[in-house]
Amino acid sequence: MIRLDKFLSEASPYSRRDVRGLVKRGAVSVNGVSAKAPDMKVNENQDVICVNGEHIIYRKFIYLMMNKPQGYLSATEDDRDPVVIDLLPEEYRHFSPFPVGRLDKDTEGLLLLTNDGQFDHELMSPRKNLFKRYYAELDKPAVEEDITSFASGMEFKEFTAKPARLEIDPDDPRKVFVEIAEGKYHQVKRMCERVGKTVIFLKRVAIGPLQLDGTLAAGQVRELTQEEYALLMSK
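Residues in the sequence shown are numbered consecutively from 184, following the numbering used here.
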């Protein structure tokens, strides 16, 4: 059991103060009956709770897929630049979600957001060995030797990149797919630079088995399905 005002403050954009006003105006109902007090106890899994006739479903955690556009930081706030949280509808913002990992400001594509710390920990854990797949466009054609270089791992000043996968588009060798099991700062760009190429466009298209929803326009977001969540957590 949970207090009605707590239920609504966690499950909807309304604050506890808002709930007091809504209850006073008769805008809140529990199982079809107008709520009498904001501190009344409700069962979050069984009772039907509505605000202005809209059924409010209780949930503690949210899991979102975003098609991140260029120009946004993978952060919850920043003093200078826009952040991905700015793109979220209000219905999600009140859950205080944060990005799972990061994408560079000028990189677009698949970004996950959640307010579930355990979910974030699971996906970011090195033992998960979860490959991230990127589509990149280069200033010069990739060659077969580059595939070997990526597969061998690379030594950088502050880290050693694990073996990565490089696929070259047979119709246009300036277009490649890169899969890495970690996400160091500018890693894909730096690995490409190591073999003499500059990345001019970069987009993440998959995290492990999860593919970016092709129907999401840049800046759009949707919740993960139960099947997608299970797929991520099973790997």
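Please keep in mind that the hints were generated in silico from the structure rather than gathered at the bench.
On a predicted model such as this, the values are computed, not experimentally measured, just so you know.
Incorrect hints may appear among the rest.
Derived pair list, reagent style DSSO-like, types lysine-lysine, alpha-carbon separation capped at 30 Å [said to hold, decoys possible]:
#1 K288 with K323
#2 K372 with K288
#3 K224 with K288
What's the verdict on K372 and K288, does the C-alpha distance respect the 30 Å limit or exceed it?
Given that 30 Å is the threshold and the Cα spacing comes to 13 Å, the pair holds.
With a cut-off of 30 Å on the C-alpha distance, tell me whether K224 and K288 pass.
violated (45 Å)
With a cut-off of 30 Å on the C-alpha distance, tell me whether K288 and K323 pass.
Between K288 and K323 the Cα gap is close to 23 Å, so the pair holds against 30 Å.
Violation of the numbered hints given earlier is confined to hint 3; every other hint is satisfied by the structure.
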